[in-house]
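So the protein sequences, as listed, match chains P and H. Numbered by my numbering, the letters in the first sequence go through residues 1 to 375 in order. Numbered by my numbering, the letters in the second sequence go through residues 1001 to 1137 in order.
By construction, these hints were calculated from the structure, which means they are not laboratory data. Heads up, some of the hints might be wrong.
Cβ-Cβ distance ranges computed for the label pairs, FRET-style [unchecked claim]:
1) I1034/H / R65/P: 47 to 57 Å
2) E48/P / L1059/H: 17 to 27 Å
3) V1067/H / D113/P: 43 to 53 Å
4) T1063/H / I177/P: 20 to 30 Å
5) S1094/H / D131/P: 18 to 28 Å
Cβ coordinates follow ideal geometry from the N, Cα and C atoms, glycine included.
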Amino acid sequence: MMMLQGLLFELPGGGDVFSQILTILIYAFLFISLFYGQKIQMHLMLKEIEGSLYRLKYIRDEGRRIAIETIKEVGKPQKDPTTMVDRFLEYFTIQPEDMDPAGIVWKLEHILDVRDARFKDEVKLLAPEADDVQINNLENTLEAAMALNYIYKVIRHYYLLGKKTLSLYIIMQIQMILPLVMREAEAYASALKAFAYGQPIGDGIGPLVAAKLMHGYPVRKVAKDCVVAEVPIEGRIAYVIKAEGPGGNVGKPGDAVKAVIEENEGKIASIIMIDAALKLEGEEVGEVSEGVGAAIGGPGVDKFKIEETILKYRIPINAVIIKEDIGDAVSPMRKEIFDSADKAIERIKQVILEKTKEGDKIIIVGVGNTIGIGQ
Amino acid sequence: MSRKEQTPAQISTFTMMMIFIVLAISFAAIILAIQAYSVYENQFAAAYLTFIGILGIALSLYTIMQVRRRLARLKIETPPVITTIECKKCGFKSVREFQRGDYVFKEVEPCRKCNENMIITAIYREFKEKRKETTFF
Ligand SMILES: [Zn+2]
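Please construct the entire structure, taking both the sequences and the accompanying hints into account.
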């Protein structure tokens, strides 16, 4: 280094002054990083969060714009829906108190029902010309816009809080989870577009499998927003259940399963549930795997109901899941996922052959959002 | 984001200034290098200055590219969604872009060959991997 300096600083106009300046600079740098290193790092983190915040804001505004445009297009409202949409985006739901958790499922279900009814009414007001399918889709679209709005606001809250308090703890926390939050926001953004157009999403693979099984057989309604068809498979009678399509909704598979079991007085040999499941990084998209238990997500009401009912009648429950990541689950269905429906049906048939006898009655439930999938 | 509303499509002036300063210094370094080589015949200093210049230019170009990438990433992509229509009777198949109102198992216009109503059998999006990841796991 000394030799290098000696050589370098014999340059024109330089002389020894250069090396002195360099030394001072090095010391200054050392002291700055010693005393202000953390502050600088904090500001860099804040800058990074700020950048993501811009993007979140952009995504949220895009979502809001698409929602309003779709409402105008399909709902043909008399007056501008913008103010109503803005009010809608601020809606909230309060979870029931869980200090004494006995019976909380019914409280939660009631609150979710009220929320659903309220949303439907609101959407009907927003889009008077829309039919039932479009109302379901619009509701889903607005819910995605709501989620984006919420994410943006929470991140903004922590950003501003971090800026105000300059607390490394707050800033670091938000900076660390930011990549995951951004992924989720992107997923909601593509979901919103799919909902607005009524395109099937990755989460719809369960209903798709059910629809493929029941297509061509008479279908009747069971429970709220659910349909069931009696389908002969491998010499067994399968009650295939899915949410009623093609509007965007998940139905109430818990109630539907309970109703079908009770219709048959508990004489069901097996239940097979099909659902999309989050894959781990490194796993293949559209991979089909099999296990036991109630394969159903969401707030847990339906899972609880299914587990209660099968416990009462001691019915074995099997699950077939299709692996996908969060982005795939809510964006328009990828070809790999669509193609996995046939693989899943093969698996189901295999399970039926292995676990049941000829003449048995079984229930097959396709769980998920049935948007863009009829029956 | 209350005070200075900034659209995400802008590059911050601070970044631009920094890039300009670094570029200017890099060019100066290269000019000095040429001078050092031709006038003072100090090859070592010339190499050193050239290195600094090239590094500076590379860094600023990289930053510009990064910013451009970030701007490009801002747009929410809409991959094409494809609808497949099939005739159950004769197997005639046609593929078109998704239209609002399409859904799987919807009956659509009659078949061009046998006048039977066709149904939509598939709706999916072709997913293109942006870059091939080579992993050994
Ligand atoms: Zn035909």
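Now for the hints, and whether the structure bears them out:
Between I1034/H and R65/P the CB atoms are about 54 Å apart, so this pair conforms to the stated range of 47 to 57 Å. For the hinted restraint 17 to 27 Å between E48/P and L1059/H, the CB-CB distance of approximately 19 Å keeps it satisfied. Roughly 49 Å separates the CB atoms of V1067/H and D113/P, a value that falls within the hinted 43 to 53 Å. Between T1063/H and I177/P the beta carbons are some 26 Å apart, a value that agrees with the proposed interval 20 to 30 Å.
Our hint of 18 to 28 Å for S1094/H and D131/P holds, since their Cβ atoms are close to 26 Å apart.
In terms of the numbered hints stated before, the structure departs from none.
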